[in-house]
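Asker: In the order they appear, the protein sequences are chains L and B. If you're matching positions, the first sequence starts at -2 in our numbering and goes up one per residue. If you're matching positions, the second sequence starts at 772 in our numbering and goes up one per residue.
One thing to keep in mind: the hints can contain errors.
Stated by the list, open to error - Below, a sample of chain L positions facing chain B; criterion: calculated Cβ distance under 7 Å:
hint, residue
1, ALA47
2, PRO51
3, LEU85
Because the hints were derived from the structure by calculation, they are not lab data. Quick caveat, the model's predicted, so the values are computed rather than measured. Positions of the beta carbon are idealized from the N, C-alpha and C atoms, including for glycine.
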Amino acid sequence: MTANEGWMIAGMMAVTFGVRYFLFAMADRIRMAPWIEASLKFIPPAVLTAITLPAVLLPKGDWQVSFANAYLVSAIAATAAGILTRNLLATIALGLAVFFAYRLFF
Amino acid sequence: MNRSEYAKRKEFLSGARDTFPLLLGALPFGLIYGAVAASSGLSMTAAVAMSALVFAGSAQFIAVGLVCAQTPVAIIVLTTFIVNLRHMLYSATLLPYLKNLPQIWRIPLAFWLTDETFAVTVHRFQKNDSSAVKHWYQLGSSIAMYLNWQFWCFLGLVLGNRIPDAQGWGLDVAMPVTFIGMIIPFVKTIPVMVCVLTAGAASLLTLAMPYKLGIVVSAFAGIAAGLMAQRLRKAGKEGLRR
Chain L
-2 MTANEGWMIA
8 GMMAVTFGVR
18 YFLFAMADRI
28 RMAPWIEASL
38 KFIPPAVLTA
48 ITLPAVLLPK
58 GDWQVSFANA
68 YLVSAIAATA
78 AGILTRNLLA
88 TIALGLAVFF
98 AYRLFF
Chain B
772 MNRSEYAKRK
782 EFLSGARDTF
792 PLLLGALPFG
802 LIYGAVAASS
812 GLSMTAAVAM
822 SALVFAGSAQ
832 FIAVGLVCAQ
842 TPVAIIVLTT
852 FIVNLRHMLY
862 SATLLPYLKN
872 LPQIWRIPLA
882 FWLTDETFAV
892 TVHRFQKNDS
902 SAVKHWYQLG
912 SSIAMYLNWQ
922 FWCFLGLVLG
932 NRIPDAQGWG
942 LDVAMPVTFI
952 GMIIPFVKTI
962 PVMVCVLTAG
972 AASLLTLAMP
982 YKLGIVVSAF
992 AGIAAGLMAQ
1002 RLRKAGKEGL
1012 RR
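Given these sequences and hints, build the entire structure.
Answerer: This is the structure we're talking about:
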């Protein structure tokens, strides 16, 4: 490992842990306003959606809104499976299976 | 084994068990990280150290890409910071549940905080039951994610040079598919639906923002929309009552 790599990893570790720990560290001193507390439940779906949608519609960085886009097709399959089965494993397994089947056959 | 030991063990094991589907989702992601890292010019030790010490899938991916493009270290660290900013939102959500734990618990739980562990654990914390050791559930989920990630990254690194064109296989589809599975259980009310639709639309409108900043901006847009929808709904209901 070169010195440059060492600095990079140390830096990445510091900022990543810092971001994750900052609020935990001061947990006793933080008092949340009621409206902030009410907004907490929107955080997980909001963040996860903001990561997922671009990954599906622009899988390689360019817009691909068509059925030729295997990422989009498997995302639709996973969404349907998730809503119907309410089972995480089934959702992921079906999404992956559709992706590879679609790539193989089309 | 006394009763409290039993309760802790039970929480730990159910945390690990409920995370299992997400381990499957992280598998291909870890493999390609390893494979990409192997071909990026990063040394084996550095690639392993990054998984072990940083432990942040998407940031690791982006960092390896930037190493390939010979980006300065400061820019890589800054990008990591911005890509991981969302974790601060996660820790804010968990705060009410963890604030009474000693630091010796908060430090490892913070180090191991990932999208996956967060998504699984938050459901456990929100469940209305009297368990006082729900943090053991998070620990179980954390350790399962951590060991799983180390293993597949390492395998990807070892196999990396032997798999031709590992990136072309489309294994990265595991990420959106896993995340879709994580999003669905949260979407139970109209305000959350409004929040998801807004965050999604915003994520497509903010694509031009550098360093994936659009993710955090879109998240805030979604949260604001959800809050507003909730207030409107409440006001509407009260109006009806009158």
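Asker: When the hints from earlier in the document are held up against this structure, which numbers fail?
Answerer: none
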